[in-house]
Amino acid sequence: MALQATAAQWERLRSAEATLLAHIPVSITAHDIAIAGEQIHYLEAGDAKLPPLVLVHGRGSAAALWGPILPQLAAHRHVFAVDMRGWGLSSRTPFTGTGGAEAIAWWRDGVLGVVDALGLTRFDLIGHSLGGMVSLSIALARGSQIDHLLLEDAAGFATTSPLDTRLYFALEPERVAPLLPRPLFNIAARGSVNIPNLTPAAKAAYADFVYTLTTFPGTRASGARGFNTILGVEGVRYTLLDQVHNVTPFTRAFWGVKDGVVPLNTSKAGIEMLPHGELVTFPNAMHSPHMEVPDVFARAALEFLARGIETPVNATPASAAE
Numbered sequence: 070m071a072l073q074a075t076a077a078q079w080e081r082l083r084s085a086e087a088t089l090l091a092h093i094p095v096s097i098t099a100h101d102i103a104i105a106g107e108q109i110h111y112l113e114a115g116d117a118k119l120p121p122l123v124l125v126h127g128r129g130s131a132a133a134l135w136g137p138i139l140p141q142l143a144a145h146r147h148v149f150a151v152d153m154r155g156w157g158l159s160s161r162t163p164f165t166g167t168g169g170a171e172a173i174a175w176w177r178d179g180v181l182g183v184v185d186a187l188g189l190t191r192f193d194l195i196g197h198s199l200g201g202m203v204s205l206s207i208a209l210a211r212g213s214q215i216d217h218l219l220l221e222d223a224a225g226f227a228t229t230s231p232l233d234t235r236l237y238f239a240l241e242p243e244r245v246a247p248l249l250p251r252p253l254f255n256i257a258a259r260g261s262v263n264i265p266n267l268t269p270a271a272k273a274a275y276a277d278f279v280y281t282l283t284t285f286p287g288t289r290a291s292g293a294r295g296f297n298t299i300l301g302v303e304g305v306r307y308t309l310l311d312q313v314h315n316v317t318p319f320t321r322a323f324w325g326v327k328d329g330v331v332p333l334n335t336s337k338a339g340i341e342m343l344p345h346g347e348l349v350t351f352p353n354a355m356h357s358p359h360m361e362v363p364d365v366f367a368r369a370a371l372e373f374l375a376r377g378i379e380t381p382v383n384a385t386p387a388s389a390a391e
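The numbering of the sequence shown is my numbering, which starts it at 70 and goes up by one.
Don't read these hints as lab results, they were simulated from the structure.
Don't take each hint at face value.
Listed next, the in silico EDC-like pairs over lysine to aspartate or glutamate satisfying Cα-Cα at most 16 angstroms (straight line) [to be verified]:
1) K327 / D233
2) K337 / D311
3) K327 / E361
Pair by pair, the computed Cβ-Cβ distance ranges are [stated by the list, open to error]:
4) A273 / T317: 22 to 32 angstroms
5) G377 / A87: 34 to 44 angstroms
6) L253 / V302: 31 to 41 angstroms
7) A270 / R368: 36 to 46 angstroms
8) G166 / A257: 21 to 31 angstroms
9) Q73 / A257: 39 to 49 angstroms
10) A76 / H345: 43 to 53 angstroms
11) A270 / A76: 22 to 32 angstroms
All of these numbers come straight from a predicted model, not from anything done at the bench.
Ideal Cβ positions, reconstructed from N, Cα and C, are used throughout, including at glycine.
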């Protein structure tokens, strides 16, 4: 039987999120909504009169970890950052599917449940890592509703994966983290919160949220089990490569040049298959440019989101000015 969190553990996670949000210099409201009998959690920021922007996080992450760029985005967009099923403060319903297509649809439908409940008939979409793959699936299902699609170091294109990445996820951070002394976990997770210019209190809040999130009961049978249908120790188990040519929204792929989790050279051919796509690289970033170079990322993202959809995109790779 899968281990489930107690009410006290849910409250501890909620408190860790609230503490983190208090260090982000923009007004953020947390919401919970019932989608098909499950709780889906999302964060809202920005003026309701601004164009809507939906953010989808990666494996083991959460909406709150968009924090480094939320103030910049919320100045120009009405932002909705969604916790995918099995992650963040969304339900830990066990994943019972048997393949990657089912897992991606499970996450996609949770995000779209929020989109539909909010009445978003048109929106822009940003997805990171696994969330990029889910965002690709959303674009395939609802392309006519999406004006701009931004994919950050996204899964879904690559047919190969580095050995150390495969071993890391096969071991499952959620399995290993509870066994580590907290100081050792903080050292191991340093790359997950590699954010410049944080105050000591903000850095501690990020670290505490990541620890609480990673050690949260029920995740291994839920989000992590779904992820394992995408990537296994032997290699990539599921991609969207055969569907990429059907993505209709204008798309920009952001990639950290130093990404060792989803290296650009494993995904570039797939990116080039996007009908209306372009690639922008970040020379000083790894797998999470929105955390590692947040100001540069936000500037480049807003430039793309402000582009009129009638403006043709440039297929030539560009480098974000740092």
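Hint-by-hint comparison with the structure:
no.	hint	verdict
1	K327 / D233	holds, 15 angstroms
2	K337 / D311	holds, 14 angstroms
3	K327 / E361	holds, 11 angstroms
4	A273 / T317: 22 to 32 angstroms	violated, 44 angstroms
5	G377 / A87: 34 to 44 angstroms	holds, 38 angstroms
6	L253 / V302: 31 to 41 angstroms	violated, 24 angstroms
7	A270 / R368: 36 to 46 angstroms	violated, 26 angstroms
8	G166 / A257: 21 to 31 angstroms	holds, 30 angstroms
9	Q73 / A257: 39 to 49 angstroms	violated, 26 angstroms
10	A76 / H345: 43 to 53 angstroms	holds, 47 angstroms
11	A270 / A76: 22 to 32 angstroms	holds, 27 angstroms
Checked against the numbered hints above, the structure breaks hints 4, 6, 7 and 9 and satisfies the rest.
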